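First to last, the sequence lines map onto chains A and B. If you count the first sequence from 1, position 404 lands on 407 in my numbering, and the numbers rise without skipping. If you count the second sequence from 1, position 9 lands on 48 in my numbering, and the numbers rise without skipping.
Just so you know, these hints were derived from the structure itself, not from any lab. You may find that some hints are simply not true.
[What the hints assert, rightly or not] Ranges between beta-carbon positions, derived for each pair: (1) N137(B) <-> D401(A): 19 to 29 Å; (2) D401(A) <-> S180(B): 20 to 30 Å; (3) E226(A) <-> Q55(B): 57 to 67 Å; (4) R353(A) <-> A170(B): 29 to 39 Å.
Since the structure is predicted, the reported quantities are computational estimates derived from the model, not experimental observations. Note that beta-carbon positions come from the ideal geometry of N, C-alpha and C, so glycine has one too.
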Amino acid sequence: MSHPHALASLEASFVDAFEAHAGLLAKNGTGPAEALPFAMAPALRRQALNRFRDLGVPSRKNEAWKYTNIPEALAAGFAVSPAAPPSDALPARWRDCLLPGLNAHVVALVNGRFSSAHSMIGDLPEGVAICGLETAATTCPDILRRHLGRYADWETESLTALNTAFARDGLFVYVPKGTVLEKPIYALHLSTTNERLFLQPRHLLVFEENAQARIVERYCGLEGEATFTNAVTEIFVGERAVVETYLVQDPGDEHSVVSTTQAYQEAASTFSTATITLDGKVVRNNLNVLPNAPHCETHLYGLFLPAGDTQVDNRTLVDHAKPDCVSNELYKGVLNDRASGVFNGKVFVRQDAQRINAFQENKTIVLNNEATMNAKPELEIYADDVKCSHGATTGQLDPEALFYLRSRGMSKRQAQGLLLHAFAGDILERISIEPLREMLDERVTRLFGG
Amino acid sequence: MALLQINNLHARIEEQNILKGVDLTVGAGEVHAIMGPNGSGKSTFAAVLAGREEFEVTEGGVLYEGGDLLDMEPDERALEGVFLAFQYPVELPGVSMNNFLRQALNQQREHRGEEPLSAGAFLKRMRECAALVSLDPQLMSRSVNDGFSGGEKKRNEIFQLAMLEPRLAILDETDSGLDIDALRIVADGVNALRRSDRSFVVITHYQRLLNYIVPDVVHVMADGRIVRSGDKSLALELEEKGYDWLREEAVAA
């Protein structure tokens, strides 16, 4: 369906928007352009925009985007404006997106902009910063200079380039050396708009040497028109730091999301992340981890439960560049109705990265004939002393198991619910934040019973 | 009226005919043993009674308490008091014994118009039934059959039988793979559950189990039919002479 002329105009609309807002992006609301950190400087933005123009909006001709049609998702037309001010007035429903019982540093972003009115950050240990990225450009310029734009690959990924050109605000977290953040951070990304909006939040999470923290990011759509979010997150995990992140996506069935995360690990650090997709229109998650020093530990978990016409595409890369690391990946999905799922997981072991243990598994249950799953696990190994495995299974619920439960008096739906709950439970039980686990457990029950 | 009345039951899977005219009548409180060589159709018979969908009944019928059993879904049959102890109990990783049994039991109670058991009463009941077959109560917090030993799986089936109190219990080779001590435990459990309003169909390859669970009637199945019925002495005769003479008779007939 790709129409070269239509595509060109799609890119042109972003370029036009950039030119229209160039002045504003250069000022960035604070101080003179010279003071802007590296990734926000006008020259860099211009470079990133040019890169985007050359690469173009990813089409299905691009192998990496074979199953997710971004031009189609953008066809409805979205206003590209980096200027949307943070809205103080939100539909009351926004409070439903909070997690009852969670004692956390709550930080809210509305349409990609930090909203102090809806944040409840509370007391923080000394040196810790949790705020909007725009604010951080003034309050923590050195951190931004050191980390922002250093990890996410805007030179070959067109949507990362586009985000880099427009990046203005987003979530900023900084946990300095040796600091343990006891309470989790709950970052709520809300959207509410009267016109179709293209949002480009840019998040930077920096955990220095020996720091510890847990972060839940949740994307929640409120009333209003559809949005397309092109989010980029950069995570720096310093030496011996222990970091746990959760991405919970339930934006609503009208909203599309491309979420690109680049995590960078230093020696002996532990990075665990879980990506949980409950709904959305088109959801694409690019999760790249680079354990760039020995003795790192990396855990990637995923749970996707799309129904209706939701499309979920998870693409992961663990790039083992250094020896003596462990990575473990488990993605599970349940597809209902006409939903489609993609799992494309790649583990790359470079030549000098000896003694790597890398495991990867994807299991998907397809409940319906109209739902489709494409799974492509990949291992690319150039070292000779490694222990790696991968596997992907897609199928229906085990008829033996269903029959066993029904032979004890459970209805078909009840038996199915119990089995699906157990299937998802494999991921849910790894969630260390109890109120989050409970909320997801309840969602699973609502979806499937059991 | 008989609890179970089976007339000329034929069943097949895919293109293969397995049951070729089974006739059997089981009265309330009776214990019937069905013996027979491998491939005679014993397990298919059990599966058809429990409602496995892969098998197609092509002829004949099954009356259970006067109603058409074959017309009922597997869960309806269970709610009406039919229980199958599986030859190969299924492992259900992630489904806790506790949750599984509570849901199953409450479903059955609801069907009978009873209130769900309180947490305390449920636990007490579970402990009593587990003790009946010497099943470690620790297993109740584990996933169903997941990592259970062969003997534990079989005892778990009888434990569930005790919990769910069926009117018709079908035991599909519950003795296979059990050592003599485990066999005795399972048999003692079954004997303790015998009641005037509960019938058993005990399917077994070997006579050994019938030393412990003494049947009222012994049937021999061969080539998809019951070829001979008698009292418990028939089981001993089979043990001595094997099945070949019966198979020859069946073919000749």
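Tested hints:
1. Range check, N137(B) to D401(A): Cβ separation about 21 Å, and the 19 to 29 Å hint holds.
2. Distance hint check: the CB atoms of D401(A) and S180(B) are about 23 Å apart, consistent with the given range 20 to 30 Å.
3. Roughly 59 Å separates the CB atoms of E226(A) and Q55(B), a value that falls within the hinted 57 to 67 Å.
4. Take R353(A) and A170(B): their Cβ atoms lie about 59 Å apart, and the range 29 to 39 Å is violated.
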